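**Q** Put the two chains together into one complex, using the hints given.
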Amino acid sequence: MSSLNKSVPAAQGASLAKGREPSLWQRMMHPQARTAYLFLLPNLLGFLLFIAVPSVMALGLGFTEWDGYNPVKWTGLSNYVRLMQDENFRIALQNTLLYTFGSCLLVIIASLSLALLVNQKMKGMSLYRAAFFFPHIASFIAVAVVWQAIFNPTLGPLNMFLGKFMDHPPGWLISSDWALFSIILVSAWKMAGYYMLLFLAGLQGISKELYEAANIDGANILQRFRNITLPMLSPVTFFVIITCIINLFKSFDLVYVMTGGGPGRSTKLLVYDIFVQSFRNSAFGYASAEAIVLFLIVLAITYVQFKGEKRWVNY
Amino acid sequence: MGQLLGHAVPKSLSHLFMILISLIMIVPFLWMLSTSFKLQEEVFQYPIQWIPQVFHFENYVEVWTSIPFPLYYFNSLKVSVLVTLGQLITCSLAGYAFARLDFPGKNRLFIMYFAAFMIPYQVIMIPQYFVIKKLGLVDSHWALILLEIFSPYGVFLMRQFLSGISKELSEAARIDGCNEFGIFARIILPLAKPALATLGIFAFSWVWNDFQAPLIYLTSDSLKTLPLGLASLNGEFTSQTQLVMAGTVLSLIPVVTVFLFFQRYFISGITAGSVKG
Numbered sequence: 001m002s003s004l005n006k007s008v009p010a011a012q013g014a015s016l017a018k019g020r021e022p023s024l025w026q027r028m029m030h031p032q033a034r035t036a037y038l039f040l041l042p043n044l045l046g047f048l049l050f051i052a053v054p055s056v057m058a059l060g061l062g063f064t065e066w067d068g069y070n071p072v073k074w075t076g077l078s079n080y081v082r083l084m085q086d087e088n089f090r091i092a093l094q095n096t097l098l099y100t101f102g103s104c105l106l107v108i109i110a111s112l113s114l115a116l117l118v119n120q121k122m123k124g125m126s127l128y129r130a131a132f133f134f135p136h137i138a139s140f141i142a143v144a145v146v147w148q149a150i151f152n153p154t155l156g157p158l159n160m161f162l163g164k165f166m167d168h169p170p171g172w173l174i175s176s177d178w179a180l181f182s183i184i185l186v187s188a189w190k191m192a193g194y195y196m197l198l199f200l201a202g203l204q205g206i207s208k209e210l211y212e213a214a215n216i217d218g219a220n221i222l223q224r225f226r227n228i229t230l231p232m233l234s235p236v237t238f239f240v241i242i243t244c245i246i247n248l249f250k251s252f253d254l255v256y257v258m259t260g261g262g263p264g265r266s267t268k269l270l271v272y273d274i275f276v277q278s279f280r281n282s283a284f285g286y287a288s289a290e291a292i293v294l295f296l297i298v299l300a301i302t303y304v305q306f307k308g309e310k311r312w313v314n315y
Numbered sequence: 001m002g003q004l005l006g007h008a009v010p011k012s013l014s015h016l017f018m019i020l021i022s023l024i025m026i027v028p029f030l031w032m033l034s035t036s037f038k039l040q041e042e043v044f045q046y047p048i049q050w051i052p053q054v055f056h057f058e059n060y061v062e063v064w065t066s067i068p069f070p071l072y073y074f075n076s077l078k079v080s081v082l083v084t085l086g087q088l089i090t091c092s093l094a095g096y097a098f099a100r101l102d103f104p105g106k107n108r109l110f111i112m113y114f115a116a117f118m119i120p121y122q123v124i125m126i127p128q129y130f131v132i133k134k135l136g137l138v139d140s141h142w143a144l145i146l147l148e149i150f151s152p153y154g155v156f157l158m159r160q161f162l163s164g165i166s167k168e169l170s171e172a173a174r175i176d177g178c179n180e181f182g183i184f185a186r187i188i189l190p191l192a193k194p195a196l197a198t199l200g201i202f203a204f205s206w207v208w209n210d211f212q213a214p215l216i217y218l219t220s221d222s223l224k225t226l227p228l229g230l231a232s233l234n235g236e237f238t239s240q241t242q243l244v245m246a247g248t249v250l251s252l253i254p255v256v257t258v259f260l261f262f263q264r265y266f267i268s269g270i271t272a273g274s275v276k277g
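Here the protein sequences line up with chains A and B, keeping their order.
According to this note's numbering, the stretch in the first sequence is residues 1 to 315, in order.
According to this note's numbering, the stretch in the second sequence is residues 1 to 277, in order.
Extracted from the complex, chain B is given alone in its bound form (with noise of 0.2 Å):
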């Protein structure tokens, strides 16, 4: 909008309307983190007190340890960090195949990828909830771990990403007696690691958040995740809203943490669908 605006606008104007717009985005969060601080009769006294007399750190103890919450924590991290493992690998090799390799059938299997990611959750769970309950994986983290591996999402991203580096990498090295393997290990992932960054990133904060697969597949309370964990929170708390608060502020930590840090792999993960393609 430097162009579309040209001066039109003060700059302290755009600064006030900026950060008001800002706030609008991030107080409700400012709020939970304030409320995760207080006592109960504490939470809804207004006018609101943003920064608490007394930090009640205890609220978060509390949290963590009347309900199993570091198991839902483990849980989660367990299925989030095999699914971006398998994710890498299966999408990176896939997403090799389809961009730098030729194949009879190559375009209609990648419309079929396409069509796929194209396709609602909810008109396949059914279908997916009986091959799963076929293999007897119901109420097992496998079943998560399998159903979100084989991520269309990710081909696609892999493809788009590994297409654009030059071709004569990978010519060069064929003439050097590399096979197609070798190629892809030692030439091309090495250069593809921002890509490999960014869908890591997507994938793991995908399945972090992800409700409503382990809600249909996991029953038992030892192998809930912990958005699970947090809905069953909310229901069972619901007057000690400052511990709900405070489970919501531990279960936010990890993806917060994950975005400071990489941030432009988040972004470039979201544009590259749309502009690259």
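Isolated chain A, as found in the complex (with noise of 0.2 Å):
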């Protein structure tokens, strides 16, 4: 410990010699930390330009009129005003809502369910794990090439066998009822592998004596499962939400690939709307003010999701 005391910044023995604390300077100017700072460089530098900077800038781009060409112009508040008054936006906010949810939902579901399910000592259990996880490895551009395939409403496999028990089978992703119900299935089709492993770790976490010791009270797997595993995988679940809704609410590559939006504006989602008005429409301002209430969206989803933790997450 001794010598880690020597180098540390804070430099508490100097400070009891000279009766003064060292300056910020001073403390920043310590070997320790010049060496700290060094490996930081190269990284820091990046993050700085390249991240950090942007997500200063894209709270005043919003404010600003941008075609990607000519200078930047001030416009103040009149994007956000024409915001309230779109009736896309309206749309597009609509359907990134239910899609998320949705999905959140169905992904919730399927993934603890495969997760209680692997979690046994079974035979092949290596090789149902690997198949399970197995959508999340392709690349959602590949997921959605052969889902439209597979979805085509008249030749598609999967209306071919649905056709054999009803007369209409849905128009899937040509039909506006249907077409978001589509993606959402899809989403969590690829992504429920993804959670399993993460609920999975956490099942693995559960002591075995809780277990045991329910057994011996006579508890049922229903008391069981609400009265051990749930309460002790909330911190898991309150994970496994935040980052579910924040993915999703990104989800691009699924709608641009399979409905670019449509039927109509069936599918039309948030971030789907900000790359067209940008980079499509050159509307880099309009579009920059979406993603402000797109990120606001989303930083107002994790601040519940964060007061409500203590409620709900044990430990």
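It should be emphasised that the hints constitute simulated quantities derived from the structure, not laboratory data.
Accuracy of the hints is not assured; some may be wrong.
Pair ranges (Cβ atoms, derived) [unchecked claim]:
#, chain 1, residue 1, chain 2, residue 2, range
1, A, V72, B, A185, 37 to 47 Å
2, A, F161, B, V61, 45 to 55 Å
3, A, P263, B, L191, 52 to 62 Å
4, A, T302, B, R108, 34 to 44 Å
5, A, L98, B, L30, 28 to 38 Å
6, A, K164, B, L189, 33 to 43 Å
7, A, E87, B, L30, 38 to 48 Å
8, B, Q45, A, L98, 55 to 65 Å
9, B, L189, A, Q223, 19 to 29 Å
10, A, S282, B, Q45, 44 to 54 Å
11, B, L191, A, F225, 52 to 62 Å
12, B, E236, A, V304, 28 to 38 Å
13, B, E41, A, A219, 52 to 62 Å
14, B, P10, A, G262, 46 to 56 Å
On the chain B side, residues computed to face chain A include the following (Cβ under 7 Å) [unchecked claim]:
#, residue
15, A97
16, A99
17, P227
Here the structure is a predicted model, which is why all the values come from computation and not from measurement.
Just so it is clear, CB atoms sit at the ideal spot from N, CA and C, and this is done for glycine as well.
**A** Here it is as structure tokens:
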């Protein structure tokens, strides 16, 4: 420990001897601190330029008009005023909320069930796990391309199969009633394996003694699930819900390839509209305002989650 | 669930159920694989012929030659490898500073990194474009490489792993007169190989699969990466599903190979953030 104390920049030893704290500059120029900044430098420079500065700029660009070529023009709140009256935006917002919460619910139910299933001792379990996880490895583009063919309403294998049981199987991606639901299904199918692994890690952290004690007390499966598994898993569930919602708000690839926002505007999501407004219609300022609204929604949901955490997350 | 279920369900029934769910997850890929070997008129035959009578490998040859597929492949490989190397170097250095060194501003900087990792890409994508445009890098691979190397997630992951290595190792080396970079390169990094493998695989598959950033920055056909090529193949050859599927199979090969050989690193990359953090 002694050598570590010597090199700690807080330098308590020095302050005791001189009777005052070293200044911030002195602490920053301490040999260990200097070494630390050198280690940080390559990443920090890139991080500041390409991530931190753009994050700050994002706030400002929402108040401007910019077509990508001419100088940026300050327009105050007008983008936000326009957003409030824009029906496109309202529909995109509705679709995004429906898509995010619909998929998130499905993902959580599916991934928790899968995790419970693969947390048993069984022959071939590693194969089952790999199979459940497999859709996560493939790119969203590959998945979109394959499912688009499967969903083909007249010729696709899915409706060929369903056609044996019903006269009018759904139109899936070409029906404005079914398209968003189809995208929700594919998202949940692709993402469930990933969150299964998170839940599995959580389940493996639950002490066996708890279940043994419950067995002695004669608790049945449902009671064990409700009173041991769910509460012990709550920190993982909390993490899963937050990351899942953020990931779903970002989903772009499926809609871009499978529907292009259609039919009509039925699968137009906020992130898709931001892309179209900026990189297709050159309305970068307006799209930035939309992006800020997206950010505020994600922030609000995360905040509510953290506030509610104390009520249901156990430790 | 061993403990949860006890012996409530017989093993054979469990297996049946597990196989059923595995099929739901795998069947779309099997259909893709089988379709990629078929003739156009066989693609949508019903009942589905899972094993084609004749394997038409010429679909693969056609995809490989009729669009610049080899070029897309090379571009994807180039960008993915460079970003992966860049992340391994810069993120392990920064992660080391956060995990094992003390300096003023450490907590504030770390919170900044952590916050950045929660911001959706679409929120900063327009200002990022502004910066890249000012640097004159639009329509070049540099745009993707620079935007993806400095990953806050990578720093976070390396910090988590590196803070788990005993501090006494570094102290012993310091007493022996080893400088900080020597400790990092000769003592800590060799111990952090699993973490580096995890980050490397994570970065590679992320960049290999990335779609939206290449869509924004790469406009010249000669620069396009595989996901862009696949999306345009899908748009151009709508009626030739067998070719689209052959292209999709080709695009999946590298990531699936990496997964099959390094499964445990894939998995540790996912669980590191939630459980150890």
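**Q** Next step is simple, just say for each hint if it's right about the structure.
**A** Taking the hints in turn, this is what the structure says about them:
Between V72(A) and A185(B) the beta carbons are some 45 Å apart, a value that agrees with the proposed interval 37 to 47 Å. Evaluation of the 45 to 55 Å hint for F161(A) and V61(B) yields a failure: the beta carbon distance comes to about 31 Å. At roughly 55 Å, the beta carbons of P263(A) and L191(B) sit within the given window of 52 to 62 Å. The supplied range of 34 to 44 Å is broken by T302(A) and R108(B), whose beta-carbon atoms lie about 20 Å from each other.
Restraint check, L98(A) to L30(B): a C-beta distance of roughly 31 Å satisfies the suggested window 28 to 38 Å. One distance hint, 33 to 43 Å for the beta-carbon pair K164(A) and L189(B), is violated here, with the actual separation near 59 Å. Against the hinted window of 38 to 48 Å, the Cβ-Cβ separation of E87(A) and L30(B) comes to about 43 Å, which satisfies the hint. Distance hint for Q45(B) and L98(A): a CB-CB separation of about 36 Å, inconsistent with the stated range 55 to 65 Å.
The supplied range of 19 to 29 Å is broken by L189(B) and Q223(A), whose beta-carbon atoms lie about 49 Å from each other. In this structure the supplied range 44 to 54 Å holds for S282(A) paired with Q45(B), their Cβ-Cβ distance being about 46 Å. Roughly 40 Å separates the CB atoms of L191(B) and F225(A), a value that falls outside the hinted 52 to 62 Å. Between E236(B) and V304(A) the Cβ separation comes to about 45 Å, which falls outside the hinted range of 28 to 38 Å.
Checked against the hint of 52 to 62 Å, the C-beta distance between E41(B) and A219(A) comes to roughly 60 Å, which is consistent with it. A beta carbon spacing of about 48 Å between P10(B) and G262(A) agrees with the range 46 to 56 Å that was offered as a hint. Because the beta carbon of A97(B) sits about 4 Å from the nearest beta carbon in chain A, less than 7 Å, this interface hint is met. The criterion of a C-beta within 7 Å of any C-beta in chain A is not met by A99(B), whose closest approach is roughly 10 Å, and the hint is violated.
Interface restraint check for P227(B): the shortest CB-CB distance to chain A comes to about 4 Å, inside 7 Å, so the restraint holds.
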